[in-house]
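Student: Here are the chains, one letter per residue:
Number of protein chains: 2
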Amino acid sequence: MGDKKQVEQITSMEVDFAQWYTDVVKKADLIDYTSVKGCMVFKPAGYAIWELIQKQMDERFKATGVENVYLPMFIPESLLEKEKDHVEGFAPEVAWVTHGGLQPLQERMCVRPTSETLFCDFYKNEVHSYRDLPKVYNQWCSVVRWEKETRPFLRSREFLWQEGHTIHATAEEAEERTIRMLNLYAQFCEEILAIPVIKGRKTDKEKFAGAEATYTIEALMHDGKALQSGTSHNFGDGFARAFDIQFTDKDNTLKYPFQTSWGTTTRLIGAIIMVHGDDNGLVLPPKVAPTQAVIVPIRQQQEGVLEAAEGIRKALVDKGFRVKVDDTDKSPGWKFAEAEMRGIPVRVEIGPKDIEAGKAVLARRDTGEKTECAIDGIADTVEKLLDKIQKDMLERARQRRDLQTYTATSKEEFEKIFSEKTGFVRAMWCGDEACENEIKEKLSVTSRCMPFEQEKISDKCVCCGKEAKKLVYWGKAY
Amino acid sequence: MGDKKQVEQITSMEVDFAQWYTDVVKKADLIDYTSVKGCMVFKPAGYAIWELIQKQMDERFKATGVENVYLPMFIPESLLEKEKDHVEGFAPEVAWVTHGGLQPLQERMCVRPTSETLFCDFYKNEVHSYRDLPKVYNQWCSVVRWEKETRPFLRSREFLWQEGHTIHATAEEAEERTIRMLNLYAQFCEEILAIPVIKGRKTDKEKFAGAEATYTIEALMHDGKALQSGTSHNFGDGFARAFDIQFTDKDNTLKYPFQTSWGTTTRLIGAIIMVHGDDNGLVLPPKVAPTQAVIVPIRQQQEGVLEAAEGIRKALVDKGFRVKVDDTDKSPGWKFAEAEMRGIPVRVEIGPKDIEAGKAVLARRDTGEKTECAIDGIADTVEKLLDKIQKDMLERARQRRDLQTYTATSKEEFEKIFSEKTGFVRAMWCGDEACENEIKEKLSVTSRCMPFEQEKISDKCVCCGKEAKKLVYWGKAY
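Taken in sequence, the protein lines are chains A and B. Just remember that this note's numbering sits 77 ahead of the position in the first sequence, which is counted from 1. Just remember that this note's numbering sits 77 ahead of the position in the second sequence, which is counted from 1.
Mixed in with the good hints there might be a few duds.
Note that identical chains are pooled: a pair holds if it fits in a single copy or bridges any two copies.
To be verified - Computed cross-link-like contacts, DSBU-like style, restricted to lysine-lysine with a CA-CA straight-line distance of at most 30 Å:
no., residue 1, residue 2
1, Lys161, Lys461
2, Lys103, Lys132
3, Lys519, Lys327
4, Lys132, Lys212
5, Lys364, Lys465
6, Lys401, Lys114
7, Lys201, Lys104
8, Lys447, Lys498
9, Lys282, Lys225
10, Lys103, Lys533
11, Lys332, Lys104
12, Lys553, Lys407
13, Lys407, Lys212
For the record, the hints were derived by calculation from the structure and aren't laboratory data.
Between the sequences and the hints, there should be enough to build the whole structure, so can you do that?
Tutor: Right, here's the structure in full:
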C-alpha cells in the first residue's frame, strides 16, 4: 500500500486519537494555524470540502423555499442585550469592537456570534402584515466566539457556517419549519457525508440561549464521543416579544409572529474526519471529495503511459467527476500514500502492462480493495464504484455507531458502561435537571438528546429511580 | 406600461440622480438599512445578484487555476504594521477589536480591511522552495473599512468581495497574473454585466497602499461619473521583503518571491444599477437576473389561464431559465410595474385571448418593446430574446459611454468640458503628481487610469504644458 515514510508521520488512532486528528488535519493539508490564536486558515483541500457541502446543502435549502440574504457582522451592544437569555448565553464569549478608525465608538459592537438579534431588528422593519409572512431566510457567513480551548474545525474562535432564520404567522408553522430543517440536516448527513445521526430534542439544560425548543442531530465519532452536528431552534414568540415585532393578522388584530433558526458549521468537516478516517489519513465520501479519483501513471516516462492516463482523466471528467492525474516526479508509492492521506476515494493505476492488456487497476480508499477493470468503459465502472463507496461508508459508519450504542436500565449498569466504554448510552430519565447535573459531575457525560423515536426501556430514571419520562441518549461530547 | 402608483414613488434620474439611486435600491427590494450605521442588509433580491456574480466569476477564476481558501477575519496590530505604506493606507479606517469575552486582549486586532498581511503571514509558513510556487489563491468574504460617508453597494463599512492573492518565483510571472486577472475582470463586466470598461494603470498617486503597480477597470455611470470596478495589484517583492518570505530557487540560492492581489466587490451591483437603470427602476442584464422572466397571467381567474402560465413556466425552467409566475391577487398593471422596478428582463403576458390564438406577449424590460410569439416553442423564442437583450444592453452602454467620453488637448478645453459636462475626458499628462493635484483641487476630477491603449493626442501635458508622457482618462469618481 502506501509509502511508509509518509504514513509513519501520523499517530495511530488507537495510540492517541486527539493527536491522530491533529495529524490528519495537518498532513491532509486541510488547514494551517495562524498568528491569531484559535483562528485557522482553510487551505484549498479543506475549503473545497466546505464548498461542496455548501453547494449541495444550499440546493436542498432552496428546494424548500429558503432565500439567501446577508446581514452585517456587527451587533450593537444594546441590540444583543434585548433578549435576556440570549445575551447571558453569548455575551461572555464575544469579541468587542470599540474603535472605528482613530475614534472610539459611541456604543461598542460585538462581532456576531450568531445573528438572531440582527434578524429580529431586520424583521421589525419588514414584517407588518400577514402578507409579509413567512420569511424563510438563510445566510452563509463566518461567526466569532471567543472560546478558551480551540481545535481545528471542532471549536475555533472564528468559524464558517450557515444560519437560517425564519418568521411565521403561527406557532404550528414555526414548529413545522424547525422539524423540517432538522430532517433536512439528518438526510444531508446520511446521503452526502455518509454519517448516520440520531435526531432528537435537547433537554432544557442543553437548549440554545433564548429558544423554546432545540432539536439536534448527534453523530458518533470513531472514538465513541458524540458530536452535535446541526441544530434547529423553535423560539416561539419570545424574540418577537423582546424585539416588539408585531403584524396585523387576517382578522385585523395585532399579533406576535413566531421564529426559528437553524445552523450547521465547518464542524461537519471534523465529523467527516472522525467518522471515516483511518490510520492512513483522511477518507472522504465521494460526494464531498474535491478530487474523487486520482490517476497514478506507473513508469510514466514510458511512451504512451501519460497519454493513457490523460485519456482516462478525460473520460472521467466528461462523466462529471472531479479527477486529477498525478504526473509529478514522485515515486508511485509516495503518490499512493499521499492520495490516501488526502482521502481520495478512488485511485486509478495505469502502467505499460495494463495498457497492453487494455486494463487499469482501481483501488478503493475506504477498504484498500484493488480490482482490475477494462479501460474501455472505465467511466461507468468508476461511477458504480463511487456509488458503492458512498453507500458502504454510510453502512459501515452505521454499524460502528450501533456497536458503540449501549442500553442501560439501572444506575449500576449505566455507570459500569461509561467506566469501561465510550459511546452512546440509551437510558430513561425523569425529566429533572438535577439528575442531568449529577450524571455530568460524576461521569463527565451529558444528555445528547431525547430521540424522536422514543421507547420505554424501563419505568425508572437511570439516576434517581423516580418515574421515567423520556428515553435519552447520553454521551461524552466534543 | 407600468402602474403609475408604483412608479411615481421613485425620483427621476434627471431630477436627482443620487435620490434616484437610493430609491431604486430600496424599491427594487435590494437592501435594507440597519441599526449599524454604514452597514446594510442584502435582501434576497440583492443577494441573489451577488450569488450569480460569484458563481460565474468563480468558474472563470478556477479555469485559470485559482484555488479558494479562507483566512481569519482578524489581523493583529503588529501584523498590519509590517508593511509601511500598507498600514498608512489602511490604519485610519479599520475597526479595532480590543476585548475577547470579558477580557481585554493582549494585542488589539483589526477586522480585515483587506488581507495582504494575513496572506503574507500564511505564505511565510507555506513557501520554502521553488516547488511550493506559485500559489494562486482567492477568498470570498466580507471586509470592513470604517468610512465616514456611506452609500449602499458603493461605499459601506462592511462589504462583500473576493480577494485573490498570489505568490510567484519571478517578477514576470507576477506581472503576467496581474494583467491576466484584470483582463478577466474586464471580460466579465462586458460579457456578464453588460458593462463596458476602460482597462488601464493607475498613476502612483492613485495606486493601492503597498503596490508597485495597480491596474484598474473603470466604468462610466449614467450620470457621467466614473466607477472603479475592479483592481489588480502587482506588489513586486515588497511584501515578501517586509514579511521576510524567502524561497530556495532551482539554483539553490535564497530569493524573495513576487506577489499580486486583485479584487472586485458588491460595488459591481451599484455599477449594474447606475449603468442600466432607468426611471422605471432597475434593469438587469439577463445573465445576473435572479428572475429572468416573469409570467403575468391576465384574467387569471378564468379557466385555463393559470394552467397556461404554468405550462410556459415549465417550458422555460426546463430550458434552464430562472422564471416566476406572478399569480398574486394584484392587478396586472401593478404586477407589470413591480416587475419593471425589479429589473426582470422579460415579461410574458398570457390571457384568455392569447391562449385561444396560441400566442403570448413578450415585453422587454430594457426597451419596453412588446412582441407576440407562439406559445409553441416559446422557450426558444425567450432564449433568443434574452441573448439579444444581453447584447443590446452592452451595446447601448458602450454607445452612451462613448458619447460621454471627450478629448481635450488644451487646458482651456479640458476645463471647459468639465465645467459643462460629466464624463471621461481623455487628455495628455506629463507624469507629475503636482498636475494631478492641481486638477483635483480645481475641478474635483481625478486621473482614472492610463489606458492600455495609449495614443498621443497632443505633445503637451493638459495641465502644465510640459512634455506629455501618458494619455490619461480623467473623471469624477464615485
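Student: From the Cα coordinates, with 30 Å as the cut-off, is the pair lysine 103 and lysine 132 best called within, between, both, or neither?
Tutor: For lysine 103 and lysine 132, both the intra-copy (25 Å) and inter-copy (29 Å) Cα distances are at most 30 Å.
Student: For lysine 332 vs lysine 104, is the C-alpha pair at or below 30 Å within one copy, between two copies, both, or neither?
Tutor: This pair counts as between: shortest inter-copy Cα distance 26 Å, intra-copy 55 Å.
Student: How would you classify lysine 553 and lysine 407 at a CA-CA limit of 30 Å: within, between, both, or neither?
Tutor: For lysine 553 and lysine 407, neither the intra-copy (43 Å) nor the inter-copy (56 Å) Cα distance is at most 30 Å.
Student: Within, between, both or neither: how does the pair lysine 132, lysine 212 come out at a Cα-Cα threshold of 30 Å?
Tutor: both (22 Å within a copy, 24 Å between copies)
Student: When no copy is named, should lysine 103 and lysine 533 be tagged within, between, both, or neither for a Cα gap of at most 30 Å?
Tutor: Classified as neither; 45 Å inside a copy, 56 Å across copies.
Student: How would you label the pair lysine 447, lysine 498 (within, between, both, or neither) given a Cα cut-off of 30 Å?
Tutor: Classified as neither: same-chain Cα gap 34 Å, cross-chain 74 Å, threshold 30 Å.
Student: Within a copy, between copies, both or neither: which one fits lysine 401 and lysine 114 at a CA-CA cutoff of 30 Å?
Tutor: Result: close neither inside a copy nor across copies, 34 Å intra and 48 Å inter.
Student: Indicate which option fits the pair lysine 519, lysine 327 if close means a Cα-Cα distance not exceeding 30 Å: within, between, both or neither.
Tutor: Intra 54 Å, inter 61 Å, cutoff 30 Å: neither.
Student: Checking an output row: lysine 407 and lysine 212, CA cutoff 30 Å. Within, between, both or neither?
Tutor: Answer is between: at 20 Å across copies they meet the 30 Å cutoff, but 54 Å inside does not.
Student: First find the shortest C-alpha distance between lysine 282 and lysine 225 inside one copy, then the shortest across copies, and answer within, between, both or neither for a cut-off of 30 Å.
Tutor: Result: close within a single copy only, 21 Å intra versus 45 Å inter.
Student: How do lysine 364 and lysine 465 come out at 30 Å by Cα distance, when the copy is not named: within, between, both, or neither?
Tutor: within (12 Å within a copy, 38 Å between copies)
Student: Taking 30 Å as the upper bound on the Cα-Cα distance, should lysine 161 and lysine 461 be classified as within, between, both, or neither?
Tutor: neither (54 Å within a copy, 57 Å between copies)
Hint compliance for this structure: hints 1, 3, 6, 8, 10, 12 are broken, all remaining hints hold.
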